[in-house]
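Each chain, written out:
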Amino acid sequence: MSDVMPRLDVFKTYKLYVGGKFPRSESGRVYEVTDAKGQWLANAPLGTRKDTRDAVLAARAAVKGWAGTTAYNRGQVLYRVAEMLQGRREQFTAEVATAEGLGAKKAAALVDAAIDRWVWYAGWTDKVAQIAGGANPVAGPFFNLSTPEPTGVVGIVAPQAGYGYSLLGLVSVVAPAIATGNTVVVAAAAGAPLPALSLGEVLATSDVPGGVVNILSGKTADIAPTLASHQDVNALDLAGAIAADGPGAAAQLEASAADTLKRVVRPPVDPSAADWTDAPGTERLLSFLETKTVWHPMGI
Amino acid sequence: MAKNKNTVDEQPAKSGLFEYAPAPESPAAAGDIATSYGHFIGGEFVDSSGSEALKTVNPATEQVLASFAQGTDEDVDRAVAAARKAFADWSALPGSERAKYLFRIARIIQERSRELAVLESIDNGKPIRETRDVDLPLVAAHFFYYAGWADKLDYAGYGAAPKPLGVAGQVIPWNFPLLMLAWKIAPALATGNTVVLKPAETTPLTALRFAEICRQAGLPKGVVNIVTGDGRTGAALTAHPDVNKVAFTGSTPVGRAIAKQLAGTRKKLSLELGGKAANIVFDDAPLDQAVEGIVNGIFFNQGHVCCAGSRLLVQESIQDELLDALKRRMGTLRVGDPLDKNTDIGAINSAEQLARITALTEIGESEGAERWSPACELPGTGFWFKPTLFTGVSQAHRIAQEEIFGPVLSVLTFRTPAEAVEKANNTPYGLSAGIWTEKGSRILWMANKLKAGVVWANTFNKFDPTSPFGGYKESGYGREGGRHGLEAYLDV
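Residue numbers (the UniProt record's numbering), protein chains in the order written: chain A, 1 to 300; chain B, 1 to 492.
It should be emphasised that the hints constitute simulated quantities derived from the structure, not laboratory data.
Predicted, not measured: the structure shown is a model, and the values here were computed from it.
If a hint is listed, it holds; no wrong ones were tucked in.
For the chain A half of the interface with chain B, some residues (derived, Cβ under 7 Å), not all of them:
#1 Asn136
#2 Pro137
#3 Glu290
Quick list of in silico lysine-lysine cross-link-like pairs, BS3-like style, CA-CA up to 25 Å:
#4 Lys127(A) / Lys152(B)
#5 Lys219(A) / Lys37(A)
#6 Lys423(B) / Lys64(A)
#7 Lys449(B) / Lys64(A)
#8 Lys423(B) / Lys327(B)
#9 Lys163(B) / Lys152(B)
#10 Lys423(B) / Lys462(B)
#11 Lys439(B) / Lys462(B)
#12 Lys64(A) / Lys127(A)
#13 Lys50(A) / Lys15(A)
#14 Lys127(A) / Lys449(B)
#15 Lys64(A) / Lys21(A)
Residues from chain A shown here face chain B by an in silico Cβ test under 7 Å; the list is partial:
#16 Ala139
#17 Ser146
#18 Glu254
#19 Ala258
#20 Thr291
#21 Thr293
#22 Val294
#23 Trp295
Each residue gets a CB set at the ideal place from its N, CA and C atoms; glycine is no exception.
Only chain B is shown next, with the shape it has when bound in the complex (with noise of 0.2 Å):
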């Protein structure tokens, strides 16, 4: 096994494959992205109240797609306003109506998915593939899946007639713009909210677009707003006193940030934090599907996904044989342009992210585990990171505790199922957790054990509207998705 190993390490990555020709995707199925954008509020497009405009670049060729606002405490004010101006008729609309309503976007989110697709693959850096068949497929269906839900709120286990809090103040990341939007959007409004939603500064184009989709299905005004902007403007929002409601998707300190903010208030909060989620082979895993489920569960969108499966614990006694085949399967990964249909593994979101995963990496060597990538050409321009591996690596090292939300891999072993569990838990997160294991019996026992809010048994990287995504400890709480999604939504 180990001369295996070595041969693995030099062998070139594509060689004895036959290359695929390219096949690009046209970036003009994006539609017209203008030059610079405002905010959405009150069912209009508006110039920001301020003069500072940010720039959203395309991370594959670092060329600016665009300039928008960066919204102010007066632009958040008035968004707010406008969520409270129409939340009164929006509320007490019956929920048969108001499902029409999310019916239809979803109904128009299928028919543009293409256009939408494209447009967040460009702006995010992401794959078209993943934003082809995951991304958009998984936003239509949670507009789906809410829309009935609004008129069948009585029995959702909350109580008959259950009331909506408000306006939700929502504060969404960059790694899936627009199904992260999906996932605060739908519930809110499905139960009666209004909204102003905060996109990322690095992804704001696709949740702009999302308004003109809220406009051709004729949404009631002020229902859905807005309001781009960095930090500043999501502090402001999450601050904001006529706020009922702040959900968050981000990372760990600034979600503790926002519950201290929170603190003391009647605002109701819900955030989905931070991971460092343990992929757990057992020495009777059906292999070549641990291999597809770790490299899925690590270098699926980058590794820019907060239950990515970053830590690898595998049984010691195949260690050797797992990590030839895991690097032999690396070494076919495709990095490259996000726009072509073969590329597996697209940009860096960020130079700042680029650099983050830089850092941490260095630490990682730093600290004595041993690195590996596969051979592979990276683009000349924008953010790139090779797939990257990590043996040695110890529960104390840095990459092994912190989120490095990047394709990076740390591989840890473990002896018993119970050292496992130990190693698994052994972090303030609680997001999500791999088990990879013919025996039905350790499966269940496993799952039991582990502290985490999704576990995915021989899979990893499911998701799916009707079923609960959240954290335990410090990934954060309250759940998303599923008949759990809505009572983040309301006054329960």
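So that you can see chain A by itself, here it is in the shape it has in the complex (with noise of 0.2 Å):
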């Protein structure tokens, strides 16, 4: 007759993903994470600037292993990641679906896709060699072949709104990064930042080697001006900057990477009308590689 308690779930601690490891910020504070309605859902990490700095050197020891792979061995890696998201379906359906609002089926849906578009990508790591290089038949009698090269670490803003943004549009701005060996600090979309964070979880057990992918939740006002000024970052991708976030806007962060000239991929007109289930065709992959022209004379 002993009165059966109702089960006290386990709640999780969200933590930072940088250099392979799950480091809480820096600063030992975190900030409220809720669902579409305002209920409480975690605490996240508040990222900070110094942990920026760190992720960023992190990224930057994990370039010359990353890009030095082969493009075969980078398309398993990648494959790996849409493997080990398939076995935790269940997982992120029930933190996009409280993040962004959205009923189960629809949920699943961009999750799916998020899988799939992993899969894209592993397919592209040894194909965009042959669609971004190859030999130009230069009037002389010179061996000639231009190849594309990743451009290093990319600080990445991730999308902030728009549908499917918190997972789907995370992985639409990291995988193609990575797919051509650049390694990433990604800040996560400040409001809905338990997908991202969770991802750190799959990718931390997907072979892709620490610092490869940097994931960091806090204020994007803090984060974003970082990755945009720093020395080391090579290109960003401003997928999430928008006109109005202070000194986080797109246009100050373009303006503030211009001083180490890093290429910039700027924010869609309207980042919140943005669909992430759409086509991603290849912008992202090609933006972030440098094309490399190698001369030699031919003769015998």
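Each chain sits in its own coordinate frame; assemble them with the hints.
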């Protein structure tokens, strides 16, 4: 006749994902994350400028190994992410549903699309050099070949709005950058960071080397300007940067990036109108590549 | 070896060699140069709305060649409006018809190439041998190459029916006035854009002559507009709200300023900026070819080349041997009258540029590098600088880090391939690099490691319209040439 006590849920402590590890913010601070209706969901680490610099360091350290691995191997690693995400489909469906205020069916479709996006980019790794490079028929006795190479460290302001932004949007900006051998530091959607932070757990168990993807939650107004002005960041994806975000405003970030002549992908004109289920095309894949052309005389 | 080195040092420049008789090209071949020029807007040569005029001088004689208009905001406005007006029809024209115009331009450039080469040499100071044999053939080749793309854009890899951007504002430098014009205008027109181009303030004449060629080709009015002036005109053009695309070739500081200016706009931007290329010579390199490559790398076009091989990285074990051979070769370089067909090194483009080169070389000496130049006489008038070599240069020296943009070579040494890579990559620039070695696997390894957009192995300073050119890091973004060069002018 003992009373059955209702089981108490085990809450999750969400952490940053930096250098393949899950640190708390160096600030020791968190902020409240709520669902689309304003209900408290969890506390997310409040990533700071220092966290951002640490993440850039980790990303830089990972460039050599990741860019140096074969395209074939990178493809397998990306595919492995899809496998691991597939295994956690229910968890991500719940997280996306609460984050974006969607029904279970729609949220599941978005998670499926995110899984498929990893598969799409997994297939790109060993093809991009063939569509973006090639032999140039120069007028002379020369062997002349253009090959795309990764730019290096890419700073990303993940989508902060738009249909499917919290997971599919994030995957849509992270996967193309790493498919080509770059490493990334990404500022997750500030208002809906939980799918992003959980994606860190997927990446950590997917053969993606530590430091290749670094995920920060917190205020984009702290993280984004640090990425834009950082001397050791080579490119900037402003997918989620918007016009009115104080020091994190898109135009200001772009101006700041000009100091080091970073390659910048600008945000869409209306980021909240973005639909991340749209076919991604090759823009992001090609934006974080440099073309290297090698000449050599031919003769006997 | 050391002994031999001393004898080379003391050897007068051309002793033991026969002298060439002068072989001057006739300045008259440049055609008539007017005393003053306005702009080319909407298919007409028009006066500037302002009264300010600048003068362009022959840097070899310091004689004023012509005065030309300092483009005002109003001039830029007029030119952009003309380009905007022309855009609708030009972009709607079938690619095959646009192609014909570009083919016509290419042909007329070939027909008039002697005239253009001489005019270029007079206005810029570069040797006629180079304008005749390098610049002009490449200029024509670029128009031919991009002409062929105009009706094949669906196959360029940017999706079916890629769209032009609109009006392109283009600002080009003085080191290759016509070639830079071709690099900018040919792909812009092939893709259906219209252009407003501002040539450099020291070399406007061939761009204005090119305007005549556009008229001869029957190019629709307003498709190409030329507005002359200095940096103020350039800034007005890049800032103009009705320009959709900005293309700039020039210094990294100006490129940075333009990138800042365009932040937050929807204008597409491509930048070709500075460089400090490492030309790396290994102990197994074919020495004679390497010496030619080093000379071509830094003394071509008086070193006024963004991709010039201005840092020689030589493997320590062959340093003495290579430097002896290099000095011997430098002793045979002929510096002087650009219109003499035997001239290797012409005039420095302007007094300002000469002052900059002079200042940086003095800094090189004051920082402890050892300076060497062959004995050679320089003309009494005009702007000249002896081919110069600095040895004992360290990584920290300013002449090893900053772009000098003149005939000045800094020599550094290395021991291992890994050290060569470290040193080569140790600048904010990443435009070009050279590798000299007989070992194929080493070439591929090095080429892979170098952060540079163009890598020349066992050759240097080769260009071709089919071949993408452009830099990593602070050497800018985007590529010019080849299929890659189309991207800058398409909405992709």
